[in-house]
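One line per chain: the protein sequences are A and B, in this order. Residue numbers for the first sequence follow our numbering, beginning at 1 and rising by one. Residue numbers for the second sequence follow our numbering, beginning at 1 and rising by one.
Calculated from the structure, these hints are not laboratory results. Glycine included, every Cβ here is placed at the ideal spot set by N, Cα and C. Do not take every clue at face value.
Calculated cross-link-like contacts (lysine-lysine; reagent style DSSO-like; alpha-carbon spacing at most 30 Å) [stated by the list, open to error]:
#1 B/107 x A/131
#2 A/29 x B/17
#3 A/29 x B/296
#4 A/151 x B/107
#5 B/17 x A/151
#6 B/107 x A/130
#7 B/296 x A/151
Covered stretches of chain B, going by a simulated chain A footprint (3 or more residues, C-beta under 8 Å) [as the list claims (entries may be wrong)]:
#8 16 to 23
#9 113 to 127
#10 196 to 206
#11 239 to 247
#12 250 to 262
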Amino acid sequence: MSYAYLFKYIIIGDTGVGKSCLLLQFTDKRFQPVHDLTIGVEFGARMITIDGKQIKLQIWDTAGQESFRSITRSYYRGAAGALLVYDITRRDTFNHLTTWLEDARQHSSSNMVIMLIGNKSDLEARRDVKKEEGEAFAREHGLIFMETSAKTAANVEEAFINTAKEIYQKIQDGVFDINNEANGIKIGPQHSLTNPGMSSSSGGGNQSSGCC
Amino acid sequence: MADIEDFRSSVDPYGFKRTENFDYDCYEQFMSKYLSVLARRRSKWERILGMKANGHVVRSNKIKRYVRKGIPSVFRAQVWMEVSGAEYHRRSNPGLYEAMRIACHDKDLIEVIVTDLDRTFPDNIYFQAETSSEKYAKRQSLFNVLIALGQKNQKVGYCQGLNFIAGLLLIVVKDEEKVFWLMDTLINDLLPDYYSRDMLGVQTDQEVLGELVKERMPDVTRMLDAVGVAWALVSTKWFICLYCDVLPTETVLRLWDCIFYEGSKVLFRVGITLVKHNRAKILNCRSFPEVVNIFKESTNDKFVINCHQFIQAIFSEPGSLSRSHIDELREQCQQRVVDNKHH
Numbered sequence: 001m002s003y004a005y006l007f008k009y010i011i012i013g014d015t016g017v018g019k020s021c022l023l024l025q026f027t028d029k030r031f032q033p034v035h036d037l038t039i040g041v042e043f044g045a046r047m048i049t050i051d052g053k054q055i056k057l058q059i060w061d062t063a064g065q066e067s068f069r070s071i072t073r074s075y076y077r078g079a080a081g082a083l084l085v086y087d088i089t090r091r092d093t094f095n096h097l098t099t100w101l102e103d104a105r106q107h108s109s110s111n112m113v114i115m116l117i118g119n120k121s122d123l124e125a126r127r128d129v130k131k132e133e134g135e136a137f138a139r140e141h142g143l144i145f146m147e148t149s150a151k152t153a154a155n156v157e158e159a160f161i162n163t164a165k166e167i168y169q170k171i172q173d174g175v176f177d178i179n180n181e182a183n184g185i186k187i188g189p190q191h192s193l194t195n196p197g198m199s200s201s202s203g204g205g206n207q208s209s210g211c212c
Numbered sequence: 001m002a003d004i005e006d007f008r009s010s011v012d013p014y015g016f017k018r019t020e021n022f023d024y025d026c027y028e029q030f031m032s033k034y035l036s037v038l039a040r041r042r043s044k045w046e047r048i049l050g051m052k053a054n055g056h057v058v059r060s061n062k063i064k065r066y067v068r069k070g071i072p073s074v075f076r077a078q079v080w081m082e083v084s085g086a087e088y089h090r091r092s093n094p095g096l097y098e099a100m101r102i103a104c105h106d107k108d109l110i111e112v113i114v115t116d117l118d119r120t121f122p123d124n125i126y127f128q129a130e131t132s133s134e135k136y137a138k139r140q141s142l143f144n145v146l147i148a149l150g151q152k153n154q155k156v157g158y159c160q161g162l163n164f165i166a167g168l169l170l171i172v173v174k175d176e177e178k179v180f181w182l183m184d185t186l187i188n189d190l191l192p193d194y195y196s197r198d199m200l201g202v203q204t205d206q207e208v209l210g211e212l213v214k215e216r217m218p219d220v221t222r223m224l225d226a227v228g229v230a231w232a233l234v235s236t237k238w239f240i241c242l243y244c245d246v247l248p249t250e251t252v253l254r255l256w257d258c259i260f261y262e263g264s265k266v267l268f269r270v271g272i273t274l275v276k277h278n279r280a281k282i283l284n285c286r287s288f289p290e291v292v293n294i295f296k297e298s299t300n301d302k303f304v305i306n307c308h309q310f311i312q313a314i315f316s317e318p319g320s321l322s323r324s325h326i327d328e329l330r331e332q333c334q335q336r337v338v339d340n341k342h343h
């Protein structure tokens, strides 16, 4: 399937906050309560439409444990968007956001759009981090913010799509140089004038088949 | 295990649910031939082990050859313990496992291990949460082993990936203390610094694999560079999990036979062989996702299901892999990794 743009996303955050579940909910529209933990990186993909244009999201889902940081740092390169996820029922995962943010800013393009996500909003009774705290952190650091539930799917579509809208807006405003792939954006095959061979759309498709 | 197996069962002999796209025909075809291999290997091992009253296995070229041809599942635990040196450590440190298991009061360590119990082989009948029968009680053992290891190796603590290795060892070896010593031997004697806090060993070995592939198949390296696939993307789990939860279970165990005897060098042989076998496919790719998919599929096809042929292939296809060359590459690559970090 052809697309106007391809955006690379990276999902980051502490272990166990629900990164893989968010990805699965977004690409396959299902929730898997038990699944293998992620070692290294896994990939997902989905097509979305913004402003009448087809946009392919290629999403990198990363391991969250601290020892993996030195490896996951190499994954930031060329990401247009990042979902920085914490778990609203575990304050630790919120407290670590500053470190994640430093890492992200240091290893990515300065234009990368970062969406802060407080996940597990369905577990209201066990809430440990107020919504206002998430909002305040996002405001202070210039991030977009949303609370989501990978379990009920609440706000999951919105989180991925609003990030794409922000990136798309930046392209319209000329902030992103779309000819520089280091920004995490590629022009789709039918739009590409420079190197059509390297950005084939095969293997794409609307729903994920486990990979991008 | 394999000789009393129902080839069409939806659960494999180690309790893993088979994937929906599992190729039963291919597997049955392979097993019908492999059974006679297993029977032959078993009688050979019986003869060797039967001669020793104490059950000791002394390392020798003959044993090494035997190990490469596969250790029968009934002798696996014993031979792994002996040839790796884990049995020596166990006997030199009586009671240490118990002591380590109960000594841990690190709340963070306990919490992170508990979180991962749910996420270790959720599809394996021995690890499912809802079952209460004793047969399924591997979760508690997994917790015990990981806690004791973290307590003994405080520099490592708990590193994700160790859960998968310990989990499979518990299924095969069945004895917590032995699993603890096998893991401890892997971490401290057989693998170079894979599970330390910055995973320098894994980062280094990924680069080494890259160099070894480049020496043999520069066209593949050019392709990976062109579409932006770094070794850290496709091989992190290979090294951290020693191909467990990556390759089919029987193939992993045949590979572990060799790792417990020969150490980490075998991991490169597997990586090179997988790439070599899929070289034409990789060279046909035109994009990042296509290449990533090939790597994913390469760990689950006919070639790797036939574990006997696959293990033969890893010792012939990559060609010579001298210890000194690996040492040299490790030194260079480690320097590169360290330099990059401070860059």
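Next item on the list: Tell me, in ascending order, the numbers of any earlier hints that this structure violates.
Entry: 8 and 12
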